[in-house]
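Asks: Sequence:
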Amino acid sequence: QVQLVESGGGSVQAGESLRLSCAASGSIFRVATMNWYRQAPGKQRELVASITSGGSTNYADSVKGRFTISREAAKNTVYLQMNSLKPEDTAVYYCAAIFVKYYWGQGMQVTVSS
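Taking our numbering, the leading residue of the sequence shown gets 1, the next gets one more, and so forth.
Among the hints, a few may not be true.
As the list claims (entries may be wrong) - Straight-line C-alpha distance at most 20 Å; calculated SDA-like pairs for lysine to any residue: (1) Lys64 x Ala40; (2) Lys86 x Gln13; (3) Lys75 x Arg30; (4) Lys86 x Gly42; (5) Lys64 x Ser50; (6) Lys64 x Glu88; (7) Lys101 x Gln13.
Unchecked claim - Beta-carbon label-pair distances, calculated as ranges: (8) Gly26 x Lys86: 17 to 27 Å; (9) Ala74 x Pro41: 30 to 40 Å; (10) Gln13 x Ala40: 11 to 21 Å; (11) Leu47 x Pro87: 13 to 23 Å; (12) Ser113 x Gly54: 34 to 44 Å; (13) Ser27 x Pro87: 37 to 47 Å; (14) Trp104 x Gly10: 13 to 23 Å.
Hint data in this document are derived by calculation from the structure and do not stem from the laboratory.
Every residue gets a Cβ at the ideal spot worked out from N, C-alpha and C, and that includes glycine.
With the hints as constraints, model all of the structure from the sequences given.
Replies: This is the structure:
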């Protein structure tokens, strides 16, 4: 059984930073690709950032240069450092682990006000 517990969301002003964390239970963390998604009101869920088990990363064009995904094997945790936040980054953010299938976190709100 895999469980993902997210933390770090909240409300900030434009230009500020947040760091999201996603702690994974279970044994798949070391082999899973870890993704961050977000879903804004009235929009489809979109992939924000991805990191493979080997550390290769990929980002949505809208966050390149502002967001950084990383993972810490010793803590079974993946992070999303979000800098220079914009109001359009406002969304519910979800962590996902991909190994054979998708495992999802519960989601958390990030609100960026101008």
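Asks: Starting from the hint list further up, note which numbers the structure goes against and sort them upward.
Replies: 7, 8
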